[in-house]
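Chains as they are written, first to last, in our numbering: chain Z, 27 to 510; chain P, 27 to 510.
If you are wondering where the hints come from, they were derived from the structure by calculation, not from laboratory data.
From a predicted model like this one, the values you see are computed outputs, not experimental measurements.
Be a bit skeptical, because a hint or two may be false.
Pairs count within a copy or across copies, as identical chains cannot be separated in the list.
Unchecked claim - Lysine-lysine pairs mimicking BS3-like chemistry, simulated, CA-CA at most 27 Å apart: (1) Lys257 / Lys223; (2) Lys88 / Lys257; (3) Lys410 / Lys88; (4) Lys248 / Lys223; (5) Lys339 / Lys88; (6) Lys248 / Lys299; (7) Lys410 / Lys117; (8) Lys223 / Lys242; (9) Lys117 / Lys242; (10) Lys242 / Lys296; (11) Lys223 / Lys339; (12) Lys410 / Lys339.
This is what each chain is made of:
Protein chains: 2
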Amino acid sequence: MTEAEVEAKKAQESLQDRLGQVVELLHRHKLVEGLTQRQEGHHQDRVEQLVHRQHLVELQAKLDELHPADVAHLLEALPLEDRLMVWQLVKAERDGDILLEVSDAVRETLIADMDDQELLAAAREMDADALADLAAELPRDMVHELMEGLDAQQRERLRSALSYEEDQVGALMDFAMVTIREDVSLEVVLRYLRRLKELPGHTDKLFVVDYDGVLKGVLPIKRLLVSDPDKTVAQIMAIDPVLFHPDEDAYEAAQAFERYNLVSAPVVDKNGKLIGRLTIDEIVDLIREESESEVLNMAGLREEEDIFASVWKSVRNRWFWLAVNLMTAFVASRVIGLFDDTISELVALAALMPIVAGIGGNSGNQTITMIVRAMALDQLTTGKGNTLRLLRKELSVALINGLVWGGVIGVVAAVLYDSLGLGLVMVSAMTLNLLLAALMGVLIPMTLARLGRDPAMGASVMITAVTDSGGFFIFLGLASLCLM
Amino acid sequence: MTEAEVEAKKAQESLQDRLGQVVELLHRHKLVEGLTQRQEGHHQDRVEQLVHRQHLVELQAKLDELHPADVAHLLEALPLEDRLMVWQLVKAERDGDILLEVSDAVRETLIADMDDQELLAAAREMDADALADLAAELPRDMVHELMEGLDAQQRERLRSALSYEEDQVGALMDFAMVTIREDVSLEVVLRYLRRLKELPGHTDKLFVVDYDGVLKGVLPIKRLLVSDPDKTVAQIMAIDPVLFHPDEDAYEAAQAFERYNLVSAPVVDKNGKLIGRLTIDEIVDLIREESESEVLNMAGLREEEDIFASVWKSVRNRWFWLAVNLMTAFVASRVIGLFDDTISELVALAALMPIVAGIGGNSGNQTITMIVRAMALDQLTTGKGNTLRLLRKELSVALINGLVWGGVIGVVAAVLYDSLGLGLVMVSAMTLNLLLAALMGVLIPMTLARLGRDPAMGASVMITAVTDSGGFFIFLGLASLCLM
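Full structure from sequences and hints, please.
In structure tokens:
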């Protein structure tokens, strides 16, 4: 083979590898066969052929058959190079739908790959509420250009959606509402609906408004279908629906959706005027994001990370908590430094001290996690009665755990180092550090909440800092008092 | 005052306190005023009176006005004593609905407070799918008694629902389906619906079945409403809906609900026969539970804990991870023990070693959390290509972080202890431990997944164990090689 032939073969193999991976993913997620799995055999053959022929055109045809959410998921699961290859194959008119489905981190990589022309074309197809979701990641003058292309109502909606914080109801609402008047008969409503080409997704209720657009009630589709068509809307509508205001906290709205099993709900302004609606699909996304950010925060990641992100991006996403950790570890190290003399006299202390600190951290994290969760679910008020009650309980748990586990490790230490005194110091230090962990595990989130701060953010780092430094201090301090 | 009077006064004050707390909660959660807040002023006065009069009867009336989910939430937010007081005030016929809404931990406390008669009465009001949710916590012979009280179809349904694992679709489905035939016109469907008194919650589609009960398609209500009533069901139904099998993984069903924005979906058996349906409200609960158990596992709690649980219950919920932690800490302690001589020669090592171990743990947890999440969302296959790619990336991130943060702390250590050698050992040990953390952060979840295990469970504990023992070994090992 000539060198050129070798090169060509390599390029072909690499393409085959990449296509193979795409197809493996399609298989794995049952996207090719469809969720019904009915035509599995039939499709599978086609896909294998596709790999062998390396027919990009066929892959493109496959992609066209997929739901935008499936394409989005496929893109998220592909390394950058392959992701952009697939992205190029997607038909331009589907770009917008798919951009709305992918995660923020992946969306960034896709947008970076599009030129202004493509981006504008994709954005032009979107509703005001979809545009609002995307606007943060578009160039500023493109947003202006897009705004000018909208009609007055859409522009107003986009502007209002952009004026709310990410965690407010206003940023989550959409504008796809079907409104009716209260004085018409259900028969008329049914005829009106039939004249519409289609109903917006998640339409489980129609919104009843007066001539000024003020919400008078809602007409659940369920009731519309089972009621006598001669009745009027006013007779069967629900007049006291669960409703939201645009500046309300989105997480509280999510709790209401969960609690009352809602599918959609109206959003009204201060004067009771209907301005939008919330739907369960946005709420589900919100719940998922909320729990993700909780997990990520606990692990010390600032935000969701594209698993195939560049090294540099990962470093940026992770440096903050590493730096915080470094500082707290340094403080703990200085605490140990105070007891240099004690340690050099009894070097066993150096080996035992991480146990005291570690168990304290673990136990403190148990307490603080439970309390932060209860607060997030609004199950815990910060009243004095509750604080005292929780303190009593957590201190009792800590006392039992300290005596039991401290006792176990104390006996081991006493036997191992042949020193009863060391064993006793170990038990006492463990118990005291667990008590400290319980105390701070209750007081830190309660205090943060009373100061109006978010108790979740950094609570775990704070408790670990306390139990590390505290654990070293208690253990080494007791040792120098009792054993020296 | 006589002693009896003092006692009476105390009892009264305690009751007042407790009622006050209940009312505070009612206020806080806007339950009293209703979410619309329209009649706030009016209601508020009433509630204050209620506290002063300590009128249990009025509190009872208030409770009767609340949605069962709100009562459930109130019960969850009350300490045991108050919780049982409120529980006694709830009308017996609402017991069942409320039991279904509370968390498992709180449900246990409520059931423990009911006698068999009350429990039976509450359970008799329930559907088969609701009973199935509750059955695990009822006495076994009561379940038998309840089964005998059901008609044949309900009994069969209950038996089948009980035969599935908690995380299977079969355990989540309900049986409230509206089925129609494909050969009738939409006009007939509309008339049929009107004859039903009401439609089940979350009915966004009707299920089209043949005479054997085999699913032929679904008729979305949206389409029913906008289509010509003279058309037949077969003409406008969707023939390839997203559907599930009862033995499928419920979490995968949840992902499909999220991805395709579903409100309800049919569940069919192997022969395509319709046996139940899934609805978004159950899916939302599942997503919430999934994310909760993830957070709780990370913090070392075995399951959701009633915040007002008894000390003994809390101890049981927490002992397992504490014991695991104790063992890994003990291993790390033995590693340090290997270097007794080195430490007694250079006691600064004892103060610096926790920094190396701590940063390694933090960094390893960042890596492993990201990978476990990507796996849970099916974004990451365990193929060799992906493992290598991730290893390359994570090792690069670790190298950068090690050199940067290791460099910072190395300089500090060199200055503090006036020893260039110590600084260099610090930098090298930090870098090596971060590389170890990255390596294990990728390999542990990938290996667990390839062995068919759940990578989430205990991953964080394993990585911390590795970075602790590894960090101590690397740092003290390097120190004894280079500085002694």
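Tested hints:
no. : hint            : result
1   : Lys257 / Lys223 : both (25 Å within a copy, 15 Å between copies)
2   : Lys88 / Lys257  : neither (49 Å within a copy, 32 Å between copies)
3   : Lys410 / Lys88  : between (62 Å within a copy, 25 Å between copies)
4   : Lys248 / Lys223 : both (20 Å within a copy, 10 Å between copies)
5   : Lys339 / Lys88  : neither (32 Å within a copy, 54 Å between copies)
6   : Lys248 / Lys299 : both (24 Å within a copy, 26 Å between copies)
7   : Lys410 / Lys117 : neither (61 Å within a copy, 31 Å between copies)
8   : Lys223 / Lys242 : both (25 Å within a copy, 25 Å between copies)
9   : Lys117 / Lys242 : neither (44 Å within a copy, 32 Å between copies)
10  : Lys242 / Lys296 : within (14 Å within a copy, 48 Å between copies)
11  : Lys223 / Lys339 : neither (46 Å within a copy, 58 Å between copies)
12  : Lys410 / Lys339 : between (44 Å within a copy, 24 Å between copies)
In summary, the structure is inconsistent with hints 2, 5, 7, 9 and 11 from the numbered list given earlier, while agreeing with the others.
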